[in-house]
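Visitor: The lines below spell out each chain.
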Amino acid sequence: MIIGKNLLDAQDVSVQFRIDGEWLTAIDKVDLSVKPGEVLALVGESGSGKSTFATAVMGLHSNTQARVTGSIVLDGHQIVDASEKEMQELRGVKAGMIFQDPLSALNPLMKIGDQIIEAMSVHDVYPKDQWNDRTIQLLKEVGITKPERVAQQFPHELSGGMRQRVMIAMAIANEPDLIIADEPTTALDVTIQSQILDLIKDIQEKKNAGVLLITHDLGVVAEMADSVAVMYAGQIVENGSVEDVFTNPLHPYTRSLLRANPSEDTIGDDLYVIPGTVPSLAAMDHTKDLFLRRVPWMQKEAEETIPDELVEAKPGHFVRGTAWKTFKFPDEKKGVKK
Amino acid sequence: MWKLILKRVLLMIPQLLLMTLLIFAIAKLMPGDPFTGRFSPQLDLSELARLRKEAGLDDPWYVQYFRWIGNALHGHFGDSYVLQKPVVTLMGERLGNTIVLSLFTTVFLYLFGIPMAVASAKNEGKFIDRFWLTFNSITYGVPALVIFLFVLFLFGYTLQWFPTSGSVNIDAEGFVGIWLSKIYHVILPSVTIAALSTVGIFTYLRTGLLDNRNQDFVRTARAKGVPEKQIFWKHNFRNSMLPIAQNFGFQIVAIFSGSIFVEQIFNYPGMGLLYYSSISTRDYAVITALMLFYGFLSLVGAVLSDIILAWVDPRVRIS
Amino acid sequence: MGELLRIEDLRIHYPIRGGFFNRVVDKVYAVDGVSFSINEGETYGLVGESGSGKTTIGSTIVGLEKATSGKVIYKGEDVTTPAARRKLNYNRDVQMIFQDSMSSLNPRKTIYDIISEPIKNFEKLDKNAEEKRVAELLDIVGLPQRTMYQYPFQFSGGQRQRIGIARAISTNPKLIVADEPVSALDLSVQAQVLNFMKQIQKNLGISFLFISHDLGVVRHMTNNIAIMHLGRFVELGTRDDVFKDPQHIYTKRLLAAIPQTDVAHREENKANRLRIEEEYQNNRSFYYGADGRPYPFLKDVSDTHKVAMNADEFALAEAQTEVKKEESK
Chain A
880 MIIGKNLLDA
890 QDVSVQFRID
900 GEWLTAIDKV
910 DLSVKPGEVL
920 ALVGESGSGK
930 STFATAVMGL
940 HSNTQARVTG
950 SIVLDGHQIV
960 DASEKEMQEL
970 RGVKAGMIFQ
980 DPLSALNPLM
990 KIGDQIIEAM
1000 SVHDVYPKDQ
1010 WNDRTIQLLK
1020 EVGITKPERV
1030 AQQFPHELSG
1040 GMRQRVMIAM
1050 AIANEPDLII
1060 ADEPTTALDV
1070 TIQSQILDLI
1080 KDIQEKKNAG
1090 VLLITHDLGV
1100 VAEMADSVAV
1110 MYAGQIVENG
1120 SVEDVFTNPL
1130 HPYTRSLLRA
1140 NPSEDTIGDD
1150 LYVIPGTVPS
1160 LAAMDHTKDL
1170 FLRRVPWMQK
1180 EAEETIPDEL
1190 VEAKPGHFVR
1200 GTAWKTFKFP
1210 DEKKGVKK
Chain B
5 MWKLILKRVL
15 LMIPQLLLMT
25 LLIFAIAKLM
35 PGDPFTGRFS
45 PQLDLSELAR
55 LRKEAGLDDP
65 WYVQYFRWIG
75 NALHGHFGDS
85 YVLQKPVVTL
95 MGERLGNTIV
105 LSLFTTVFLY
115 LFGIPMAVAS
125 AKNEGKFIDR
135 FWLTFNSITY
145 GVPALVIFLF
155 VLFLFGYTLQ
165 WFPTSGSVNI
175 DAEGFVGIWL
185 SKIYHVILPS
195 VTIAALSTVG
205 IFTYLRTGLL
215 DNRNQDFVRT
225 ARAKGVPEKQ
235 IFWKHNFRNS
245 MLPIAQNFGF
255 QIVAIFSGSI
265 FVEQIFNYPG
275 MGLLYYSSIS
285 TRDYAVITAL
295 MLFYGFLSLV
305 GAVLSDIILA
315 WVDPRVRIS
Chain C
4 MGELLRIEDL
14 RIHYPIRGGF
24 FNRVVDKVYA
34 VDGVSFSINE
44 GETYGLVGES
54 GSGKTTIGST
64 IVGLEKATSG
74 KVIYKGEDVT
84 TPAARRKLNY
94 NRDVQMIFQD
104 SMSSLNPRKT
114 IYDIISEPIK
124 NFEKLDKNAE
134 EKRVAELLDI
144 VGLPQRTMYQ
154 YPFQFSGGQR
164 QRIGIARAIS
174 TNPKLIVADE
184 PVSALDLSVQ
194 AQVLNFMKQI
204 QKNLGISFLF
214 ISHDLGVVRH
224 MTNNIAIMHL
234 GRFVELGTRD
244 DVFKDPQHIY
254 TKRLLAAIPQ
264 TDVAHREENK
274 ANRLRIEEEY
284 QNNRSFYYGA
294 DGRPYPFLKD
304 VSDTHKVAMN
314 ADEFALAEAQ
324 TEVKKEESK
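Chains as they are written, first to last, in the working numbering: chain A, 880 to 1217; chain B, 5 to 323; chain C, 4 to 332.
Nothing false has been slipped in among the hints.
With a Cα cut of at most 30 Å, we get these calculated DSS-like pairs of lysine-lysine:
(1) K238/B to K990/A
(2) K1086/A to K273/C
(3) K30/C to K1025/A
(4) K7/B to K30/C
(5) K233/B to K964/A
(6) K11/B to K990/A
(7) K238/B to K1025/A
(8) K205/C to K247/C
(9) K90/C to K135/C
(10) K30/C to K74/C
(11) K1085/A to K273/C
(12) K1080/A to K247/C
(13) K205/C to K1207/A
(14) K233/B to K1007/A
(15) K1019/A to K255/C
(16) K273/C to K1193/A
(17) K238/B to K1007/A
(18) K1007/A to K1025/A
(19) K1207/A to K908/A
(20) K964/A to K238/B
(21) K964/A to K130/B
(22) K990/A to K7/B
(23) K112/C to K130/C
(24) K964/A to K126/B
(25) K964/A to K1007/A
(26) K990/A to K126/B
(27) K1025/A to K7/B
(28) K1207/A to K201/C
(29) K1019/A to K238/B
If you are wondering where the hints come from, they were derived from the structure by calculation, not from laboratory data.
Let the sequences and hints guide you as you build the complete structure.
Guide: Right under this line is the structure:
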C-alpha cells in the first residue's frame, strides 16, 4: 500500500558535467518521486543518465566536475545545496545504496563484519554496544546462514550472491527509508539474480521502505516495480504505474524497447531494431524529442520543439512530447497488427 | 599463513644452491687464485704447486665446491690475503656498520616518501603537488654522485655540521656515547640517500592514492556516510600502501647494495667499502664471501616481500 | 539437414595443485562427459551459468583448449589434435566470435587488417581480390566502405560485434562458435546483432553454436538446446522440449528465474519460483550425486529430449551395468 508523502521528491533536476572545459547536460529537468513502500524503477539503456540521477540523489557527484540544479528533497532534507557535512549525515541514514558489482564495491582488505560496523559507527542511529549484535542480525536478515563466520571473512572468500547480500545488509544497517539499488543483479547469475531481487522486495515490504531501482532489464522492472520511469538521453520520456507502462506503452522509445526484447512471441521473427545510437552529450538538444531521430519515418517530427512538461495521457500515466499520438510501427500501418 | 611462510622459506633452498653454484663458477673463472699474489721472482714454482695441492686446488671442481659449501656452512670463508685476517672477522666488523646505515636510510626513506605522496595526492594539481613532482624528477634525474659530493662539501667541510668519514669517534665512551656518535655519523649519508631515493615510493603511492579515489569501494564508503578523512586513511590509503608494503623487501636489498657506492663516497667503513677495496686488490676470499652475502640478502628480501604481502593482503593470505 | 559436428563424451579436466610440493591434489571437472551434435544450418544453444563449463566446450571445439578425453568429430574424423584440424581445413571452417568485442579486436589494427587476417591465413588471394573480399564482407555486415581503414575504438559496441562477425565469416566457415555474443550490448543493439546473425545464417547456411546464460535470447535464436550445470548436461532437447516441458530441477529453476515482462502474472511467477526453489532445497540429493554434481547418465524422455537421471534411475542403471559386466565375464 502506497501512502503518505513522498520519501524522495525530485523536481526539475538537471545534472551537467564539465567535459573539456564545457558544461554538458547529462540529465535534463527530471521530475521523480518515491513514496514510502513504493518501488520505482528507473529504466533505460547505457548513456540514458539513470545512474547519474541516483548519484545525484546520494549527493555523490564531485562538485568541481558536476553541477546539480533543481530540487531533490530526501525525507524533508534539500540535497542540491547541502554541505558535505550535511550529506554525510544523510547518506546511509536516509538513503542506503546497493551497487552493481559487489566484489569491487567492498573493500578487499576489510572483514565483512568491520565494513558493516563502519556503516553504523559513522552515524548515531545505534549505540556502540549494539553494533556487533546488529551486524550478526543484519547478516541473518539478508539470508546468510552462518553470520558469525561470514562476519570474520573477507569479500573474496564469498560467492557473488553472498557478496551482494552483504552489500544489502550494509545498505540497510541504519534502517534507511529509501534504498537505491543501481543495477543490483546485472553482475550475477540468473538463479542468484532472482534470489537477490526477491530479497530486496522482501526487505522493502517488511520495512515499508521506498526503493529506487535502476536497471536496463525490462523483465526485472516488470517483476519488481510498482511504478516505472523510462529514461532516454537524460530525460524521462514516460512515467506511470508498471501495469500502465507495460500493457499500454505510449512513448515510441518504450514501445521500441519492448519490441526489441526477445520473448516467446518473437521466435521465428526478426526483432525490432532501433537504428542509430544514443546521441553524445554534446549533441543532445533537450528541447526536442531526441528519440525520434532514431525513428526513420518520423524525421519531420524529430525537428519539432516540444514542451518540457510531460503530458498526462491517462490519469497517472505521463508521456513526453506528442509523437506517441501518431507513432506506429511500419507493420502496424499496413494493418497487420501483431 | 605459517604454511605459506614455511613453503616460501623452503623454496629458498634450491635458489640458494643455484646461486652458490653460480658464484663458485664465477670465482673459478676469475683469473688467478689465492696464491697468485705471492708470485715473486724468488718464488719456487714447485713450492707454489705444493701449496696449491695442499689447499686442494687440484681436486675436481665438485669436490672443491662441496668443500667450499661445507666450510661456508661452518662459518669458514677463508682468510683475506691482503689484510691477513679471517674473512668472517672482517665482515663482522663492517656488517654492523652497514646495518646501522641501511636501517636509518630505510626509516628516513619511508618517513620522507609517504608524507610526500600523501601531500601530493591530497593537493593534486596544486602547488604542493607540483613541487614534490618536480623534486622527485630532479632527484631521479640528477646523478647521485653530484649531490652526494655537494652535500658532503656543504654540510661536512664548509659548515662542518657532520663528520665526513668514519663510523664512530675514537674518543666516544660508554654505550650511549658510542651509539650517539654512530648515529651522528650515519645521519648525513642516510638522510641524503633517503631524500634522493623517494621517487619509487612517491610515484607508486601517489598514483595509487589518485586511482583508488575512484574505486567502487571508496564510493561505497562515501554512500555509507563515512567522512572524507576516514575514507582517505581507512579505505584509500590502506589499499594504496599494498604495493609499497610488497616492495619493502626489495627496497631493503636495494639500500644494502646501494651502500657499496655510498660508503665509498662518505668513507664509511661498512661492507660496501670492504667490497670495493677487495675488488681493487683482488682479494678473492673476500669477494666470494661478499657475493654470497649479497646474493643471500636478495633472496631474503624476496621472501620478506612475499611474506609482507601475504600479511597485509587477505586475498593472498587466504585463497 | 545433415550432421555437421558431433561431440562425443568430451571431458576437460584441470589439475588443482596444492600441498607442499604442488602435487596434483584434485581435479576441476570443467567439462565432464558431454555429447551432442550440431546440424548443418542450425543454431544450437548451450546454456549455463558462470562456471558451468559452457565456454570451455566452445573453446575446445575451436581448438583453443585441449580435450582431456573424448572426441570432436568433423567429416567423420576426430579433430581434437592440431594435425587432424590442419588436414581437414578445420580451422578455416570453424570460427569464433566473442563476448567482449573491444578486447577481442586488436586496437592497433585497422578494420581492413582485422577482417583480412583470416583470409591471408587460409586463402591465397592477390591484393585486389583481397580488397574486394573485405569490401564485400563489410557490405554483408552493413558497414560503409569508408570504415575500412578505421580502428576498433571508432565504432560502437554493436558495430564492433559486427566487425567480429565479418572476420568470422571471411573464410566462408561452416560453423561459428558464438560465446555470449550479445551479453555486453544494450537491448536495441542486441536486437540488431541477433537479427543479423539469423540473416547470415539464412543467406550463407552457417551453423551457430550459441553459448549464453540468457535463456530469453537463446529461446529466440536456437532450435536445439543443451542446459549445463557444473560441467555436465542436465537436459537437452528441442526448444519446445526444454521450455515447455522441462524435466530437471535445474532447468526448472533457470526458467523460473528469468524475469518476465508479464506484469499481470508476476505474483504467480514469484510463487512458482519459490515453490521450485523449495523443491530444489528439499530434494537436492534426488537430482545431484554425493559429489554435488548432476548424475552422469542421461535418460530419454522422447526421441529428441534427454534429461540427467535422478538418484533412483541412476542407482538402477548402475546396477544394470554391474549385471552386464558380470554376464560378460
